[in-house]
Amino acid sequence: MEEFLTDRLKTQEYFLNMGPQHPATHGVLMLLLKLDGEIIQNVELDLGYIHRSIEKMCERDTYKQIIHLTDRLDYLSSHMNNEAVCLLVEDALNIEVADRIKVIRTMMSELSRISSHVLWWGVMGMDIGALTTFMYGFREREMINDIFEETCGARLTMNYNVIGGVRYDLHENFAKRVKDFITHFRKKLPEYDKLLSNNIIFQKRLEGIGYISKEDAVAYGLNGPTARGSGVSCDVRKIHPYSAYDRVEFEEILFPEGDSYARYRVRIREMWESLSILEQLVDKIPEGEHRVKTKAVIKLPEGDFLQRVESARGDFGVYVKSDGQKFPYRLKFRSPGFANLTALNKMAKGLKIADLVAILSTIDIVVPDIDR
Amino acid sequence: MSYFSDIINGTKSLLIGMRITGKYFFVNFLTRKDVITEQYPDNLETLNMFDRYRGEVTMYHNENNEHRCDACTLCEKACPNGSIEIISDKELNPETGKNVRYIVKHIYHLEMCTMCGLCIEACPQDAIQWGQNFHHVQYDRGKLTKVLNKPGSKIMIKTKEKK
Numbered sequence: 512m513e514e515f516l517t518d519r520l521k522t523q524e525y526f527l528n529m530g531p532q533h534p535a536t537h538g539v540l541m542l543l544l545k546l547d548g549e550i551i552q553n554v555e556l557d558l559g560y561i562h563r564s565i566e567k568m569c570e571r572d573t574y575k576q577i578i579h580l581t582d583r584l585d586y587l588s589s590h591m592n593n594e595a596v597c598l599l600v601e602d603a604l605n606i607e608v609a610d611r612i613k614v615i616r617t618m619m620s621e622l623s624r625i626s627s628h629v630l631w632w633g634v635m636g637m638d639i640g641a642l643t644t645f646m647y648g649f650r651e652r653e654m655i656n657d658i659f660e661e662t663c664g665a666r667l668t669m670n671y672n673v674i675g676g677v678r679y680d681l682h683e684n685f686a687k688r689v690k691d692f693i694t695h696f697r698k699k700l701p702e703y704d705k706l707l708s709n710n711i712i713f714q715k716r717l718e719g720i721g722y723i724s725k726e727d728a729v730a731y732g733l734n735g736p737t738a739r740g741s742g743v744s745c746d747v748r749k750i751h752p753y754s755a756y757d758r759v760e761f762e763e764i765l766f767p768e769g770d771s772y773a774r775y776r777v778r779i780r781e782m783w784e785s786l787s788i789l790e791q792l793v794d795k796i797p798e799g800e801h802r803v804k805t806k807a808v809i810k811l812p813e814g815d816f817l818q819r820v821e822s823a824r825g826d827f828g829v830y831v832k833s834d835g836q837k838f839p840y841r842l843k844f845r846s847p848g849f850a851n852l853t854a855l856n857k858m859a860k861g862l863k864i865a866d867l868v869a870i871l872s873t874i875d876i877v878v879p880d881i882d883r
Numbered sequence: 577m578s579y580f581s582d583i584i585n586g587t588k589s590l591l592i593g594m595r596i597t598g599k600y601f602f603v604n605f606l607t608r609k610d611v612i613t614e615q616y617p618d619n620l621e622t623l624n625m626f627d628r629y630r631g632e633v634t635m636y637h638n639e640n641n642e643h644r645c646d647a648c649t650l651c652e653k654a655c656p657n658g659s660i661e662i663i664s665d666k667e668l669n670p671e672t673g674k675n676v677r678y679i680v681k682h683i684y685h686l687e688m689c690t691m692c693g694l695c696i697e698a699c700p701q702d703a704i705q706w707g708q709n710f711h712h713v714q715y716d717r718g719k720l721t722k723v724l725n726k727p728g729s730k731i732m733i734k735t736k737e738k739k
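Line by line, the protein sequences are chains F and P. Each residue of the first sequence is one higher than the one before, starting from 512 at the first, in the working numbering. Each residue of the second sequence is one higher than the one before, starting from 577 at the first, in the working numbering.
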């Protein structure tokens, strides 16, 4: 009987396009899945649906004009991307920025990180099927967006960094608002745990899913919270401290498990660390200028320049090859999401389609960053 | 055994989560405290945005319909997207006997603007500044192209003070 059935009830491999318009792919990402029933055999990435040739556009823009384009890469950590370009030019021209600027930049970066992680937390729950978390995440995000709007003038694409400082001085309400946010968020973060992290259904969906070992994580070049969930120490803020990160105490969050739940917990713990960084700095903002005067036309000396920052998704790098003109000869962005996404096949092989959605969520991708 | 403990723990964790959502649903709804849902701001006339909000580029005109723009085209050069176009002409000033440049049209393409603020930073006269209107919805793309200098406006006679 069994032989009779296996002869006739053969399963067949087939292909399924996931995306480019699927809501669980966080944008216009297309995944070509090779499936056996519901089990994933292979995941192939098909990028290019939101390619805007930003690197090429940078070659015709001056260094001042490049900054606003980096907002449009990883829009959730736009401040860190701006900072990378500014730090690179300041480093190349030996512009010394004041302590006040460094502290402002660090605080804004950490606020961006919290806002990005809060959004990720909400969307993570929604991908798994818990729609409530999306609304709860946006409640806290709204407070940070208000801080940004008041000081920087925009909520998402802030474009607040300029070469040699920041565009405006801090608004007088800034410190008060940040303090309000810290007390509010300290109360609400345990609520996140109660609502989602400790939920058994949620844990069963993530534990042991999307495993990647420490060796593989290094081999694939994973970075950011995704790699730290596999126990790889890779925090740029620790390795190459920039801005004011050398004067604050914080812990690099490492979880050795390497599964989706470990990556989830890394991000939750990172929010606590960001809060503590903000708390250390908010009372100690030095007085001084918010902007150093620079030349009207900025020309970089000939040579290669590289600057790395830790964005909310990981190690964001800007590489500039200059021929001494006011435009860069070649500019390359190293985006953290792209490296993280390449490991998707390794993580998702042999699992179900529903698990793929959970894994994509814990990698925390932003497609415009991957597809520049 | 783990089968039953899983069921018990699962129900427990679900109830803990539902206590939070229930609290927000009932208590906050009844007491009207901590309600965070906001409606779309339809009250555009009375709405106050933050001072620094970057909505659109506008040109300052005083009560005599005069602006400060002297057609230096620095904003046009600073713009990375080509959203600003300046059409200017020359006119003989009878007092000094020199040709003076003035703007015929200061065209602003809102549909291409990314609100980076480089034009406003570049302006030496403070002629253009940020407007706070965020409600840019139009049915026709052409309506987003605006002429910033008002019809019949003239250049302000230069004074030392700014704004």
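Where hints are given, some of them may not hold.
[Stated by the list, open to error] Label-pair distances were calculated between CB atoms; the ranges are: (1) Gly598(P) / Arg841(F): 54 to 62 Å; (2) Gln714(P) / Lys749(F): 43 to 51 Å; (3) Asn528(F) / Gly598(P): 56 to 64 Å; (4) Leu642(F) / Leu620(P): 25 to 33 Å; (5) Gln705(P) / Glu570(F): 30 to 38 Å; (6) Gly598(P) / Glu555(F): 40 to 48 Å; (7) Val713(P) / Glu555(F): 33 to 41 Å; (8) Lys719(P) / Lys843(F): 52 to 60 Å; (9) Lys843(F) / Gly728(P): 48 to 56 Å; (10) Asp582(P) / Thr853(F): 34 to 42 Å.
These aren't lab readings, by the way, just hints derived from the structure by calculation. Each residue gets a CB set at the ideal place from its N, CA and C atoms; glycine is no exception.
(request) May I ask which of the numbered hints given earlier this structure violates, with the numbers listed in increasing order? (result) Structure breaks hints 3 and 8.
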